[in-house]
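Residue numbers (our numbering), protein chains in the order written: chain A, 65 to 136; chain B, 28 to 192.
Rather than coming from a laboratory, the hints here were simulated on the basis of the structure. Note that the structure is predicted; figures quoted are calculated from it, not measured. Please note that a few of the clues may not be correct.
[Claimed, not checked] Short derived list, chain B residues pointing at chain A, Cβ under 10 Å:
#	residue
1	Glu38
2	Val60
3	Leu74
4	Gly75
[Unchecked claim] Per the computed footprint, the stretches of chain B lying under chain A, defined by three or more beta-carbons under 8 Å from a beta-carbon of chain A, are:
#	segment
5	45 to 52
6	62 to 69
Beta carbons are placed, not taken as given, at the ideal position from N, Cα and C, and that holds for glycine.
So you can see what is in the structure, the chains are spelled out below.
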Amino acid sequence: MSLTGLKKHVRVLEEANLVTTAKRGRSRYCRLEPKGFDEAGFWLEEFRRGWADRFDRLEQIIERRKGESSER
Amino acid sequence: MSDDTKQRETEITTPSDTEIRIERTFDAPRELVWECHADPDLLCEWLGPRRLTMRVEEYDFRPGGSYRYVHSDDEGNEYVFFGEFLEVAEPELIVQAFCFVMEPPVPPSIDRTELVDLGDGRTRLVTSSKFESKELRDGLIQSGMESGVVQGYAQLDELLERHGA
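Using the sequences plus the hints, can you model the full thing?
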């Protein structure tokens, strides 16, 4: 990967608050930001739970209807 | 993990910056899973977030048909969703342009629901939503509109506790 390419990647991670960088002398140090990861993971997990909850109810309806059709 | 638990697992992925995909396997033939999407009375029983009442105002389940439904809570807050069915191919595919009432209005997402016959009496339900931008996708995920925030803050509290907040 070229240095320019690498810089681009780091910038994207920085904008997403997943890393922070600091320049020391001629070098730029990158640091992972666990808080950023948590935030993205948190909302996605909440979203997943919402759907898991719906699908649990869908499953209940399906089970009920399976019972009904076997009685016929 | 037992097979049973695995089967019930709801998986979420983000295949690209503008998509969300949710998958789950049901121990039922495809026709039965389809019925729960096609019949608005059945849909009302599962699609709304917990603690909200769902009311269908229109549900014209065919290509080009429109729909409109409302989730409401005890305090009279209402969340209105509407859209158009782009494809309805029984028993395997539903594609819809999905919108919610919002000020200012936001462009619809394209939601694809695929019912995959696993050949052993089970059905894999694969739903994916495609948004016009990453911001819209992330906005929906974070709005709480679809998730536990609207379902009740109790759940959110539990989660925060587990995350040590």
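Checked hints:
1. Glu38: 8 Å, holds
2. Val60: This interface hint holds because 7 Å falls under the 10 Å limit.
3. Leu74: 6 Å, holds
4. Gly75: 8 Å, holds
5. 45 to 52: Answer holds; 3 residues pass the 8 Å Cβ test.
6. 62 to 69: holds (count 3)
In this structure, every one of the numbered hints holds.
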